[in-house]
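Trainee: Build out the structure end to end from the sequences listed, making use of the hints.
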Amino acid sequence: DTGVSQNPRHKITKRGQNVTFRCDPISEHNRLYWYRQTLGQGPEFLTYFQNEAQLEKSRLLSDRFSAERPKGSFSTLEIQRTEQGDSAMYLCASSAVGSEETQYFGPGTRLLVL
Amino acid sequence: SQELEQSPQSLIVQEGKNLTINCTSSKTLYGLYWYKQKYGEGLIFLMMLQKGGEEKSHEKITAKLDEKKQQSSLHITASQPSHAGIYLCGAVPSGTYKYIFGTGTRLKVLA
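Residue numbers (my numbering), protein chains in the order written: chain V, 167 to 280; chain W, 3 to 113.
Keep in mind that the hints were calculated from the coordinates and are not lab data. Computed from a prediction, not measured in an experiment: that's the story for all the values here. No false leads were mixed into what you were given.
No farther apart than 27 angstroms at their CA atoms in a straight line, the calculated lysine-lysine pairs in the DSSO-like style are these:
hint	chain 1	residue 1	chain 2	residue 2
1	W	66	W	110
2	V	223	W	38
3	W	66	W	53
4	V	223	W	29
5	W	71	W	29
6	W	19	W	62
7	W	38	V	177
8	V	237	V	177
9	V	223	V	237
10	V	177	W	40
11	W	58	W	70
FRET-style restraints, in silico, Cβ to Cβ:
hint	chain 1	residue 1	chain 2	residue 2	range
12	V	262	W	42	22 to 30 angstroms
13	W	19	V	196	41 to 49 angstroms
14	W	62	V	249	41 to 49 angstroms
Short derived list, chain V residues pointing at chain W, Cβ under 8 angstroms:
hint	residue
15	207
16	214
17	222
Note that the Cβ used here is the ideal one computed from N, Cα and C, for glycine as well.
Mentor: Spelled out as structure tokens, the structure:
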């Protein structure tokens with residue numbers, strides 16, 4: 167399967183713990199995006215990478231959130247000191263330059279903070 | 003900032019019926035994307051529209067972008083239970099690569 171993959175698919179954690187999610191984009195895609203989706207809402211943009219450079223961050227991305235894409239391939243999203251309000255679906259997407267900017271999404275990681 | 007509004011928010015139709023979902027933008031659209039999402043899963047790309055008046059079809063789903071490029075519609079002909087899910091429109095605001103999304107339309111098709 168050459169689509170976008172995300173791990174884990176589900177994560178339950180206690181408030182105050184740190185969590186890390188991984189995204190593997192489609193191999194030839196150099197742009198990678200993270201979104202957060204809460205129940206009944208559309209996805210909200212968090213951050214975006216072109217290759218290894220993080221080019222844009224949303225104000226939603228507080229100091230507790232950090233994302234990396236060290237080699238321009240897979241990316242990780244870490245949330246430190248999780249809060250109950252962080253409970254959401256975290257979606258990763260990737261796109262290729264010149265592809266009409268169509269983003270292809272992974273299955274998401276559903277986070278529940280107790 | 004640009005915003006997308008979808009209507010209706012939810013829709014229940016009998017199998018075989020036609021339906022239309024609308025997406026209205028507060029600013030000119032330079033690219034309009036339609037996705038489908040099943041509950042608890044990722045988004046599946048359906049179609050992308052870029053030019054005013056453009057229309058694209060895939061199987062029984064047709065999407066149009068109006069001439070002024072501020073509204074798009076998604077039309078499903080002869081709906082089936084497999085069409086059930088959440089339909090989301092997305093757009094790329096000028097000067098960025100991120101998407102903004104509407105809040106989605108939840109479709110249920112009764113067999």
